[in-house]
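Can you build the whole structure from these sequences, using the hints too?
Each chain, written out:
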Amino acid sequence: MTSSLTSDRIAEALGALRRATPRIHCITNAVAQSFTANVLLALGAVPSMTIAPEEVAGFASSADALLINLGTLDETRRLAIPIALRAAQEAKRPIVLDPVFVNRSEIRCTFARDLLQERPTLLRANRDEMAALFPSREPFDALAESGAILAMTGAEDVVGERGRTLRLGNGHPLLARVTATGCAGGAVMAAFLAVETDPVIAAAMGVSVFNIAGEIAAEQAAGPGSLVPALLDALYLLDGQEISKRLNIIEQREGRHA
Amino acid sequence: MTSSLTSDRIAEALGALRRATPRIHCITNAVAQSFTANVLLALGAVPSMTIAPEEVAGFASSADALLINLGTLDETRRLAIPIALRAAQEAKRPIVLDPVFVNRSEIRCTFARDLLQERPTLLRANRDEMAALFPSREPFDALAESGAILAMTGAEDVVGERGRTLRLGNGHPLLARVTATGCAGGAVMAAFLAVETDPVIAAAMGVSVFNIAGEIAAEQAAGPGSLVPALLDALYLLDGQEISKRLNIIEQREGRHA
Amino acid sequence: MTSSLTSDRIAEALGALRRATPRIHCITNAVAQSFTANVLLALGAVPSMTIAPEEVAGFASSADALLINLGTLDETRRLAIPIALRAAQEAKRPIVLDPVFVNRSEIRCTFARDLLQERPTLLRANRDEMAALFPSREPFDALAESGAILAMTGAEDVVGERGRTLRLGNGHPLLARVTATGCAGGAVMAAFLAVETDPVIAAAMGVSVFNIAGEIAAEQAAGPGSLVPALLDALYLLDGQEISKRLNIIEQREGRHA
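Protein chains in written order, with the numbering used here: chain A, 1 to 258; chain B, 1 to 258; chain C, 1 to 258.
Some hints here could point you the wrong way.
Partner residues are not named here, just some residues of chain C that face chain A (Cβ under 10 Å, in silico) [to be verified]:
#1 29
#2 32
#3 71
#4 75
#5 106
#6 108
#7 137
#8 140
#9 176
#10 178
#11 222
#12 224
FYI, nobody ran anything at the bench for these hints, they're computed from the structure. For glycine and all other residues, C-beta sits at the position ideal for the given N, C-alpha and C.
Here you go:
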């Protein structure tokens, strides 16, 4: 039972997160920085966001988790990311890697493959990005070598590792009409990795909490503009009752595939 | 008649834009990035925003239009912009150039004049910026050499080329109390250039759609804070009826001047 | 009486600010840029935000005040900041220095100490940052040498210089759940320094106006998401009656300490 996801377990972890106020260091793209910081603050975590190569090791090793997002991958970020990743790795911090748009840039794709060698805890990617990273391989098999678990986002989200997956059904199409919702979702997973030791469960918690808040917000919003404040409010106000009412686990698979 | 602007024609183009979901690559300033991305998403387009010189050619040539905005013109942007402009030019993509604050920085002004040699489709500028770019010349005459059309923004917007201009009257003063509304308006013009082949009409559509959404939002907003979500919602919800009700074309001039 | 803070005096300065529309040049962190610009616009000031070393001297010397914020201190900012500071100093513009997170980064701390030698008008810092800058010294004594006045932020804000301090009690805990509220507060102080010649009074005005707007917004908001538009609206709508009703000066000390 300890390895399965329930709404009670999510609510407990959310409470623990709010008490612990973990600091999540985010090397994320320029478009997502402000929204990601506000998502983490609304959730109950604390963001730090510097990307300066000279400073990032200290910020990453003293943080409770690290998010690396490859959007707007400029020279400063390209220098800072491996430094931060190794600092977090040495300090045994959980690490989320979000290889944004590797399917559009060969440079990013090569860079992301190199980062996977450094064994991040979690890879967050959509199907196009996975196909670019691992052409003609089954995603969970491909990742087994690196030891990372996978959160594959889409209309339905699949979280897990080879032989153990959760299919999650929360979310709302209006989230795709706001920039950086996916990027901020990766930061929420990092925040749950800071308080929940089972990384598959932590990732599933992050996906579910963000998407449930998105559902609540979409019901209140007239469009993508009013969705943003409503989403941050929903993350701030989210409680066990709402999680229990809305959590949509399509399938939870514990056994080995094949 | 095909060369004149009507509310029906705007509504049709907006429908085409929403179906085509053109990707607009934006090299824009750090202050405007997030808001511009959200404006494009609310409108129905897709933003991509990287400014890395190594990656920007691929992003620009595969996009449906390119926006170049000279705000916060740092070294990375200064390197990336000519690369992106040429890549988009070779791929025959429409290009919007927004020479923000060239009247405050000689470096930018020289840089913007060089970019005009590369023949962008549209120059979006206010009167002070035009005066800095072309001292003591009539704006439409000055631009005729470069082949670019002009969207000159102000209390009243003037869009066109030598001998063919539209004066447009939509908008609201509260828009000037929100950062990057002008910059985001340039992105909306780029989005219409991706679906409408007559660049004068496309620019006028972009100006009108953004400003009509601004009027709707200003009527609902208590101030510049609530204007932002209302503006994004208005862009998302905008329909032909609202466009028809509000479109304010002060003058549409088809003949040659002089 | 001219050296003391009253709600009437704040209301008059706010009126003067709105009439003068001072331009505040902000070299601030990537997370805070957009929100800071919107706070200044809502207040009635005009932001300029470039951080390019090649351009920043002209922008800073022609501005009415300069804000230097050390968050996300990358190489471009590290180069631009001393240039901007000296340009503003030569042009006799007021300068606010906000040494964000100097307690987390030795590089920043050294950099901030060097900047203090250049005699900014105002240092905005919390207790942890002051302790990092001046270990085992009383904050107001430590600053006396540099000639800067201090705005020390916290649950209660203390503004002043050795022998002359104001303790200010406005504000709301929800402000801490939104990123960059502190950074934007520094920009508001810079805006009041542009219209009020007594820097202690100007800083106290900035602190009070921002925090009063925060209180109004927090009463209307459901959470940190809806706080942001409400805060900007409150800054835009703030009037003398509201300031008079809410201003909370805990103590105003004119005499010399000890």
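- request: Answer holds if the nearest beta-carbon of chain A is closer than 10 Å to that of residue 108 of chain C; otherwise answer violated.
  value: 7 Å, holds
message: For the restraint on residue 137 of chain C, tell me whether the closest CB of chain A is nearer than 10 Å.
response: Nearest chain A Cβ about 24 Å off; hint violated.
message: Checking hints one by one. Is residue 71 of chain C an interface residue toward chain A, by the C-beta closer than 10 Å rule?
response: 7 Å, holds
query: When the nearest CB of chain A is found for residue 106 of chain C, is that gap smaller than 10 Å?
result: Given a least distance of 8 Å, the restraint on residue 106 of chain C holds.
Per-residue hint verdict: residue 178 of chain C, partner chain A, C-beta under 10 Å: 6 Å, holds
- request: Please verify that hint: residue 222 of chain C, Cβ, nearest Cβ of chain A, below 10 Å or not.
  value: 5 Å, holds
query: How about residue 140 of chain C: closest beta carbon in chain A under 10 Å, or not?
result: Violated, about 29 Å.
query: Under the criterion of a CB-CB separation shorter than 10 Å, is residue 32 of chain C in contact with chain A as hinted?
result: 8 Å, holds
- prompt: At a threshold of 10 Å, is the proposed contact between residue 176 of chain C and chain A supported by beta-carbon distances?
  reply: 8 Å, holds
message: Just to be careful: measuring from the Cβ of residue 75 of chain C to every Cβ in chain A, is the smallest value less than 10 Å?
response: 7 Å, holds
- prompt: How about residue 224 of chain C: closest beta carbon in chain A under 10 Å, or not?
  reply: 5 Å, holds
query: How about residue 29 of chain C: closest beta carbon in chain A under 10 Å, or not?
result: 8 Å, holds
Comparing the model with each earlier hint shows violations of hints 7 and 8; every other hint is respected.
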